[in-house]
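Novice: Chain by chain, the residues:
2 protein chains.
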Amino acid sequence: MKSANLYKGSLTTIILKLLNENDKMYGYEITQKVKEITNGELLITEGALYPSLHKLEAEGLLDVEFSKVNNRTRKYYKLTELGTQETVNKLAELEDYIKTMRALVYPKFRLQ
Amino acid sequence: MKSANLYKGSLTTIILKLLNENDKMYGYEITQKVKEITNGELLITEGALYPSLHKLEAEGLLDVEFSKVNNRTRKYYKLTELGTQETVNKLAELEDYIKTMRALVYPKFRLQ
DNA sequence: CAAATATACATAATTATTTTATGCATAAAA
DNA sequence: TTTTATGCATAAAATAATTATGTATATTTG
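Just so you know, the protein sequences line up as chains A and B, in that order. Position 23 (the first sequence) corresponds to 23 in my numbering; numbering is contiguous. Position 90 (the second sequence) corresponds to 90 in my numbering; numbering is contiguous.
Just to be clear, a hint being listed does not mean it is correct.
Copies of one chain are not kept apart here, so a pair can be met inside one copy or by any two copies together.
[Unchecked claim] In silico DSS-like pairs for lysine-lysine, Cα to Cα no more than 25 angstroms straight-line:
| hint | residue 1 | residue 2 |
| --- | --- | --- |
| 1 | K17 | K33 |
| 2 | K55 | K99 |
| 3 | K68 | K99 |
| 4 | K55 | K68 |
| 5 | K55 | K24 |
| 6 | K75 | K99 |
| 7 | K75 | K55 |
If you're looking for bench data, these hints aren't it; they were derived computationally from the structure.
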């Protein structure tokens, strides 16, 4: 997903949140949306994205729906009920992560 | 380092920053300090810590110094000049990461 | 006093995630 | 007509962490 490897482990959170915002999206669209929002800061590779989408689907967090546009196939993903719940969890985990990291790197932000 | 895998990729940043704050530390001390600062939120495993310290030393970011306390050996690490520079980079990367993730998960925080 | 816990380091096997490379296919632009 | 863009997918390799061990000494607890 990029050189700075802090993004490792963040892909699921990103996918779930984008789907929460956009109702339904297809893989390529996700890569472009992330590129756009981050001004090219973060580029999601297909080798990371597609396996991740497949896994989320297998876990029942995403539903799939195909459609053909301009003679090209799109595979749309959308959140299931369970996926929406997991989105909430993942966002909370992100907040915890940020809070904890701030406590570690800015001693003034000590927790407690 | 913990269940929530957002921490993957953050260990180097944590180690470097702690050494920047504390001048010199030994491995076990680092695990305890992280546990303390994060109120037990983040537990660094030895299997992750020691290989990471060895790698940072091999890259010339850390210097090593042994000392014997209460008949037990401690291996103290401290930042080299290069290590201090890298600390600055890692902290900047963390800020970028947080900024980018906020842009992704809170659309109101759009970059640009 | 014996057993458990804490201190202190280290590595190997496994697992998980990502990068890099490759493959297929169609459409649009240069 | 070749390159770039759109669209999916997977396999090999790299990276990083967890889990499981191993060694050794010190301290605490029952």
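Novice: At 25 angstroms max between alpha carbons, let me know whether K17 reaches K33 within a copy, between copies, both or neither.
Specialist: within (12 angstroms within a copy, 33 angstroms between copies)
Novice: At 25 angstroms max between alpha carbons, let me know whether K55 reaches K24 within a copy, between copies, both or neither.
Specialist: So K55 and K24 pass the 25 angstroms test inside one copy only (17 angstroms; across, 43 angstroms).
Novice: Please sort K75 with K55 into within, between, both or neither, judging by C-alpha distance up to 25 angstroms.
Specialist: within (15 angstroms within a copy, 42 angstroms between copies)
Novice: Between copies, within a copy, both or neither: which fits K55 and K99 at Cα up to 25 angstroms?
Specialist: Answer is neither; intra-copy 28 angstroms and inter-copy 27 angstroms both fail.
Novice: Treating 25 angstroms as the Cα threshold, decide for K75 and K99: within, between, both or neither.
Specialist: neither (36 angstroms within a copy, 30 angstroms between copies)
Novice: Quick one: K55 to K68, C-alpha cut-off 25 angstroms, is that within a copy, between copies, both, or neither?
Specialist: For K55 and K68, only the intra-copy Cα distance (23 angstroms) is at most 25 angstroms; the inter-copy one is 50 angstroms.
Novice: Indicate which option fits the pair K68, K99 if close means a Cα-Cα distance not exceeding 25 angstroms: within, between, both or neither.
Specialist: neither (43 angstroms within a copy, 36 angstroms between copies)
When the structure is compared with the earlier hints, violations turn up for hints 2, 3, 6 and for no others.
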